[in-house]
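**Student:** Okay, here's what each chain looks like letter by letter:
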Amino acid sequence: MADAPPGVQGEGFFAGKLSDVVGLARANSLWPLPFATSCCGIEFMATMASHYDVARFGSERMSFSPRQADMLLVMGTIAKKMAPVLRQVYEQMAEPRWVISVGACACSGGIFDTYSVLQGIDKVIPVDVYVPGCPPRPEQILDGILQLQELVKNESVRRRSSPEYVELLASYNIK
Amino acid sequence: MQSTQVDFIPILIQFLLASGFVGTTIIISSFLGPRRQSARKDKNFECGIESVGNARTPFSIKYFLVAILFVLFDVEVIFMYPWAVNFREMGVEGMIKMGIFMSLLVVGFFYVMKKKGLEWE
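Protein chains in written order, with the working numbering: chain A, 1 to 175; chain B, 1001 to 1121.
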């Protein structure tokens, strides 16, 4: 169970900051959208399964449609032909949305330093958390999700409508 | 115990509160939540692939015919299950009744075949 945010507590009431409560709710109900293209995806399958059990952190439901997902997990080599597909999937997610780049290939192209492979997904979409490894162990993926939860908890509720954020998306040519 | 119409006002208030809560939360969340709209976002989700053509194209009626005939004979088999379970109790009489039912359907089945309903080409 998540701890209550700081606030004033009394008999039958709790007073705190709305942003804390919104952050708490968002952080503990991140619905993942797995975008698995290679072996890191297999590690993520282990992360989803009973032994590592990502459901313990509120990510019970895998979403295979971007419309009901909060957290895009990109796992694997993204070829340049795949880049527009990835961007389309990211763009079709509802706000607020976060991205975790899992594995060396998604983070930087990994060992595939070649003309056909995208050298890191941050060339096409903004990334929040990078998980290194080739492939990373399930514990590392879980750590990435926990790091993202920290980011989500502390994110300002106004961030998504701020001019900085609009500018960031515009730099990726996303409206 | 007598009850007047006035006694039911709390139920009305309950209804108003419930529908009011639902309405307000839907309206408020659309104002408070962050949102972003673009032509690409509003497109159908096709796993990120560009969609081709229109989904509302006419397709062969044969498909429909085979599907509806399947449903018809599928339901017929469902009727046979309770009869099979009570086969002993129903005895010869049940057997005759089921025979009549089946023969009617077999006539229909031959009619469909004669009309070339199951021929695909």
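Derived by calculation from the structure, the hints in this document are not laboratory data.
Be aware that a few hints might be false.
Once the Cα atoms are required to be at most 16 angstroms apart in a straight line, the calculated EDC-like pairs of lysine to aspartate or glutamate come out as [said to hold, decoys possible]:
no.: 1; chain 1: A; residue 1: Lys175; chain 2: B; residue 2: Asp1042
no.: 2; chain 1: B; residue 1: Lys1097; chain 2: B; residue 2: Glu1076
no.: 3; chain 1: B; residue 1: Lys1041; chain 2: A; residue 2: Glu155
no.: 4; chain 1: B; residue 1: Lys1062; chain 2: B; residue 2: Asp1007
no.: 5; chain 1: A; residue 1: Lys153; chain 2: A; residue 2: Asp20
no.: 6; chain 1: A; residue 1: Lys17; chain 2: A; residue 2: Glu167
no.: 7; chain 1: A; residue 1: Lys81; chain 2: B; residue 2: Glu1050
no.: 8; chain 1: A; residue 1: Lys175; chain 2: A; residue 2: Glu95
no.: 9; chain 1: A; residue 1: Lys80; chain 2: A; residue 2: Asp113
Across the chosen pairs, the derived CB separations fall in these ranges [unchecked claim]:
no.: 10; chain 1: B; residue 1: Ile1026; chain 2: A; residue 2: Ala15; range: 51 to 61 angstroms
no.: 11; chain 1: B; residue 1: Phe1021; chain 2: A; residue 2: Ser161; range: 18 to 28 angstroms
no.: 12; chain 1: B; residue 1: Ser1029; chain 2: A; residue 2: Ser65; range: 35 to 45 angstroms
The C-beta atom is built at its ideal place from N, Cα and C for all residues, glycine as well.
**Student:** Looking back at the numbered hints, which does the structure fail to meet, lowest number first?
**Tutor:** 3, 4, 6, 10, 12
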